[in-house]
Structure formats: C-alpha cells, structure tokens
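Listed below, chain by chain, are the residues.
2 protein chains.
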Amino acid sequence: MTRVEVSALDPAVAARLKRNADGLVCAIAQQRGTGEVLMVAWMDDEALHRTLTTGRATYWSRSREEYWVKGDTSGNVQHVHEVRLDCDGDAVLVIVDQTGAACHTGERTCFDADVLLDARNGA
Amino acid sequence: MTRVEVSALDPAVAARLKRNADGLVCAIAQQRGTGEVLMVAWMDDEALHRTLTTGRATYWSRSREEYWVKGDTSGNVQHVHEVRLDCDGDAVLVIVDQTGAACHTGERTCFDADVLLDARNGA
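Protein chains in written order, with full-length UniProt numbering: chain F, 1 to 123; chain P, 1 to 123.
Just so you know, the hints here were simulated from the structure itself, not pulled from any lab data.
Glycine is no exception: its CB is placed at the ideal position from the N, C-alpha and C atoms.
Just so you know, not all the hints are guaranteed correct.
[Said to hold, decoys possible] What follows is a set of in silico ranges between Cβ atoms, one per label pair, in the way DEER data are often shown:
| # | chain 1 | residue 1 | chain 2 | residue 2 | range |
| --- | --- | --- | --- | --- | --- |
| 1 | F | A15 | P | R32 | 33 to 41 Å |
| 2 | P | V6 | F | R32 | 37 to 45 Å |
| 3 | F | G33 | P | R3 | 13 to 21 Å |
| 4 | F | G33 | P | P11 | 34 to 42 Å |
| 5 | F | A15 | P | P11 | 40 to 48 Å |
| 6 | F | T99 | P | D90 | 18 to 26 Å |
| 7 | P | H104 | F | G75 | 37 to 45 Å |
| 8 | P | D10 | F | A15 | 38 to 46 Å |
| 9 | F | A21 | P | D88 | 13 to 21 Å |
| 10 | P | R19 | F | V115 | 38 to 46 Å |
| 11 | P | T2 | F | T99 | 40 to 48 Å |
| 12 | P | E5 | F | A14 | 18 to 26 Å |
| 13 | F | T99 | P | D114 | 23 to 31 Å |
Let the sequences and hints guide you as you build the complete structure.
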C-alpha cells in the first residue's frame, strides 16, 4: 500500500518523534517474557499508528516500499503488548508475542545465525 | 576522535555489513541475563572493531561526530559479552553488562520513560 502522507497517529506522539531523512524511526521487536530481541525494522507515523491501534506489529518496508503487517504473508504474526519510545524519539521498542520464526530465514530471531563475538566461547 | 577511514575490522565481517548512507549500522545494547533493551546507537566499522576487540561498547556519535566509548564520561560503562549481526547485516545486537544507567537521563534504559502502549494497563 502506498505510503500515507497524513497519518492519524496521535499528534502528541507524532510531535515526540525524531524521524530520519526518510521519515522513519527504528523499531525493535522484543519477545514478551523471554526478552529475546527478534528483529529490527522501520516505521513511519502510519505504521506506528497501526501498531498502536490494531494490536499487530506493522512496519514500513524500505525495500518493497509498502506497509508490512508482520506475518500477513508468513503467518508468523506479532501480537503487540507494549510500545515504548526512547529518550530521543528516534526508536521504538515493541514488546510482542511472536508466532513461530521472526526471521525470514526461518530462524527464531534475526540475530541467531551470525555471532561475531561470544565471550563464553571465544568466538 | 576523527572518523577512521580505513578500519582494522576483520574484512570477513566488514563484507557482511550493509551500512546506511552515513556508513553506519544500528546497534542495540541489551543487558545480559535480564534481557533489558538498554539503548539504540550507531556504529561504523571502526566502532564495531573496537567493540569486538576492547570489551567496551563503542559507538559513533552522530551528534558529536566522534567515537563514544560508553561510560567514559558518565562512568556507566558497558562490558561486552556477545555481539551478533542480523540476517541482512544492518544491525548488531550487543549483549553487555551495563553499569548503572544506560540512558543519559539517568533512567536505567532509554525506553523507560515514554510508554505509548501498555496492553496490561490500557496506557
């Protein structure tokens, strides 16, 4: 779907956002309970609005240039429990219940496969 | 310190990074054990190299345009335990032991103060 120019996002929230040059804030999805960091994606005002009001994590896909309701294609949905804005307004933490794999590769999280350092193992 | 043009970052790692237009990847700091998401910041190749080799989380400060060893000013250091690269190479997850507050406001995390949605409380 084409990008929404005027979002219904609460103006009081919109006023606190510090968007990048593309009008986006960084969104981190975290599993409720376990605390797993599942993935990082991006939201414009409308994606944040939908995430806050529909209960389904919704992102702006930079590659496909469309709204992306996580799980609509894969079935691996994210049910939203909490959303928190960071101190400088350029990132949101989205606490979700993730169905199945968060990563398009089939891994549980997008950070499972490529370990650059692990102090326990000397990786 | 001025930005390093040619980093000593392992070329095999550097080849997997997908940097933004400013040459940066997104870095999420997470507390070891509790799983708290502490903050979001940015790294260039050299900041990642230092994070991987010094045991201290090191970022590129976009506002100050300098390397920023977390805690050098505040004392609230981050000792690095794990570093993981995500599936598309544009974000790293840094598992740390955070001393004191991660946020410059004095809050434990940068996501503590501004709750946009809390399904438990209807916030």
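Tested hints:
no.	hint	verdict
1	A15(F) <-> R32(P): 33 to 41 Å	holds (35 Å)
2	V6(P) <-> R32(F): 37 to 45 Å	holds (43 Å)
3	G33(F) <-> R3(P): 13 to 21 Å	violated (40 Å)
4	G33(F) <-> P11(P): 34 to 42 Å	holds (39 Å)
5	A15(F) <-> P11(P): 40 to 48 Å	holds (44 Å)
6	T99(F) <-> D90(P): 18 to 26 Å	holds (24 Å)
7	H104(P) <-> G75(F): 37 to 45 Å	holds (40 Å)
8	D10(P) <-> A15(F): 38 to 46 Å	holds (43 Å)
9	A21(F) <-> D88(P): 13 to 21 Å	holds (20 Å)
10	R19(P) <-> V115(F): 38 to 46 Å	violated (20 Å)
11	T2(P) <-> T99(F): 40 to 48 Å	holds (47 Å)
12	E5(P) <-> A14(F): 18 to 26 Å	violated (38 Å)
13	T99(F) <-> D114(P): 23 to 31 Å	holds (27 Å)
Going through the hint list in order, the structure does not satisfy hints 3, 10, 12.
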